[in-house]
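A.B. asks: Take a look at the letters that make up each chain.
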Amino acid sequence: MGKKSKKKRQASAKKQPAQQATKKYTAFVNNVLVTIGLLILLYVLYKAVPGYQFVVDRLVLANLNIIQENPNLSTPKKFEAKLGFDYRFIHYVEQNTPEDAVILMPPDSIFAKSDFNKRGTWGVKTKTWDIYFLYPRTLISEQDSSRYPELYHKITYVMIVNGWGYDKLNYRVQAEHPYTVLPILQTPGS
Amino acid sequence: MIIIGLIVVYLLGFSITFFVFKRNDDIRLTVQEALGLSFLIGIGVVTVFMFLYDLLHIPIKAWTLLLISVIITVALSWKYLKSIRSYFQNIRSELPHFKSAEMNLAWTAVFLIICFLLIGSVAKSLYWPTTSYDSVAGYDLMAKVIAAEGKIKVSLFDMDVAGKRGIYPPLVEGSFAYAYLFGSDSSKIITSLTYLSLILLFYALLRKYVNPLNAVLFSLLMIVTPEMFAHSSLSLTNMPGAAYAAPGLLYLFLWMDKKQKPYLYISAVLLGLNVWARNDGVVFNAAGFFLLLYDAIKSKRWKEIIIFSTISFLPLFAWTIYLKLAMGVTQDRFVNHLFWDAERFGLLMDWIKRLILDVNLYGLTFYIFFLAVLINIKDIFRDKSELLLMIVLSFIFYSSIYYQFDDTKQDSLNTMMRASFKRALFYFVPMVLFYASTNKRTRWLFAKIDAFITGRG
Chain A
1 MGKKSKKKRQ
11 ASAKKQPAQQ
21 ATKKYTAFVN
31 NVLVTIGLLI
41 LLYVLYKAVP
51 GYQFVVDRLV
61 LANLNIIQEN
71 PNLSTPKKFE
81 AKLGFDYRFI
91 HYVEQNTPED
101 AVILMPPDSI
111 FAKSDFNKRG
121 TWGVKTKTWD
131 IYFLYPRTLI
141 SEQDSSRYPE
151 LYHKITYVMI
161 VNGWGYDKLN
171 YRVQAEHPYT
181 VLPILQTPGS
Chain B
1 MIIIGLIVVY
11 LLGFSITFFV
21 FKRNDDIRLT
31 VQEALGLSFL
41 IGIGVVTVFM
51 FLYDLLHIPI
61 KAWTLLLISV
71 IITVALSWKY
81 LKSIRSYFQN
91 IRSELPHFKS
101 AEMNLAWTAV
111 FLIICFLLIG
121 SVAKSLYWPT
131 TSYDSVAGYD
141 LMAKVIAAEG
151 KIKVSLFDMD
161 VAGKRGIYPP
171 LVEGSFAYAY
181 LFGSDSSKII
191 TSLTYLSLIL
201 LFYALLRKYV
211 NPLNAVLFSL
221 LMIVTPEMFA
231 HSSLSLTNMP
241 GAAYAAPGLL
251 YLFLWMDKKQ
261 KPYLYISAVL
271 LGLNVWARND
281 GVVFNAAGFF
291 LLLYDAIKSK
301 RWKEIIIFST
311 ISFLPLFAWT
321 IYLKLAMGVT
331 QDRFVNHLFW
341 DAERFGLLMD
351 WIKRLILDVN
361 LYGLTFYIFF
371 LAVLINIKDI
381 FRDKSELLLM
391 IVLSFIFYSS
401 IYYQFDDTKQ
411 DSLNTMMRAS
421 FKRALFYFVP
431 MVLFYASTNK
441 RTRWLFAKID
451 AFITGRG
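From first to last, the protein sequence lines stand for chains A and B.
Using this note's numbering, read the first sequence as starting at 1 and increasing by one per residue.
Using this note's numbering, read the second sequence as starting at 1 and increasing by one per residue.
In isolation and in its complexed conformation, chain A is listed as follows (with noise of 0.2 Å):
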């Protein structure tokens, strides 16, 4: 009974390191099938899913690929693709006008008839949109000007809105822009 069960383990135990190889590669063979599956079902569900496609398409890889093709893209620039006219002109107008100006806006009804975004809430008609771009300016909408009488008085610039505002100004304009942003009185030398 010794005798055999002895050769039992040395058989067993030559078998061990085999079984171990035999079991290891079982493994990483279901490891790979899992695996494959895996990939199989995830692609299955990006191209029967819109909304999955969208995630990947859209918002991961097209903006990698503008992210490539644009690296060094100024943050203006950038506003502009995204924001249009819109951000162009309070772009200008933040450029030319120092920290501390009382700006005058158009009314609503100017702006309807104007070449700024007319979807939605967002864009140049909308005072608070504007303030994020000109602060610390300060921005005062003409049919305010009852509200806020102190400060009407101490407008210093007028944002000019598809010809609206020229006769606020203090003195003429020989070329009338539609869209620019003018001090309300001459300064010297201007």
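Because the hints were derived from the structure by calculation, they are not lab data.
Yeah, the Cβ is synthetic: ideal placement off N, Cα and C, and Gly gets one too.
Zero decoy hints are in this set.
Some chain B residues flagged as far from chain A (calculated, every beta-carbon gap over 12 Å):
(1) L6
(2) Y10
(3) L76
(4) Q89
(5) K300
(6) I306
(7) E343
(8) F370
(9) S385
Residues from chain B that face chain A, not an exhaustive set, calculated with beta carbons under 7 Å:
(10) A109
(11) A123
(12) Y127
(13) W128
(14) P129
(15) Y133
(16) V136
(17) L141
(18) G163
(19) F229
(20) F452
Starting from the known structure of chain A, arrange chain B on it as the hints suggest.
C.D. replies: Structure of chain B alone, referenced to chain A:
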């Protein structure tokens, strides 16, 4: 400069987290958990400092915030310095090791897909400046002005241009202001870190119940949820709200399940910061409260519910009182009595159905949840029943808010559902996926897969 600011936030958050967890040596704070909690708690607490400074008329500046953060960090970690050192020495063993023979290829493949998506999200977030209207005319505007003027009650309120977004609790705009105070051009670094923290935390919480493959796959499902992924690179409040509320309730579930005190404290802190980000997040605190109340009545132990309620509701009360006393604002958007309007209820239900089943917005997230509930129906009252109850309760509470809205004081129900409720579903995404991942049947399925992969099956 922003790097210094962020390191201080992480250290502050870590010191608070470690302080809470050290109260119970049985719980091991994992790396993912530590990273996720450190940022969320750190940045949240910094905005509490901003609020206190505003009350005390101390200017909100980079150096004043650094000073208080460093003092609190040192005070909390001093006693635990040895433990912290040994914690960091042990961290290495927790990081994934990529020995080819032991590697779970499926896990690695999903992990790489997650990395690809997250790189895309962070790159988009950091590349594009803030342009979404709600942020430009609201949260990010407030952040810029808070950073410039060094106070919360900024000059925008004098000109009546702060708007309805200006009176949101200060966590989101305060955290954005923190980025500006430390010289960042954009506040979106905060959005990205909040999102990454949510993902790390979600994975860490899943790993307490399920195997790595299950956890990583359900993390991917959360990340790829379309509407939520879109918000991971926008400076808005909904995703940050979800980053606090969902883990907050999941930690509460952990407390109920394992009865380990640190989970209760962390839950209370996260839910407290949740109402510090958005008022409507209070429904999650309320859901947690009712479950704890039931637990307290059963066990006749009241200490836990008192601690939880104090920490989690206090920020909401503080902000409401501040709005009323300092700004003269009372939030009055609701019909102040209960009523029944069948048409309104029908419209609400119709919207809810349309939104949660819209695969363009939420992918398969809610379908997976319903499937999980269905396959787990036999054990529905035994397996993760508290979690399911939390989800259901908070969903009912949240929908009730929209039902009770007074249309004469704000946009119509249609507009609110289309614009607001749609994003509010972010709150539920981590929770429903957590249920789907950790229920008995899914665990059984992934255990089988794991056994097959390792050759034991």
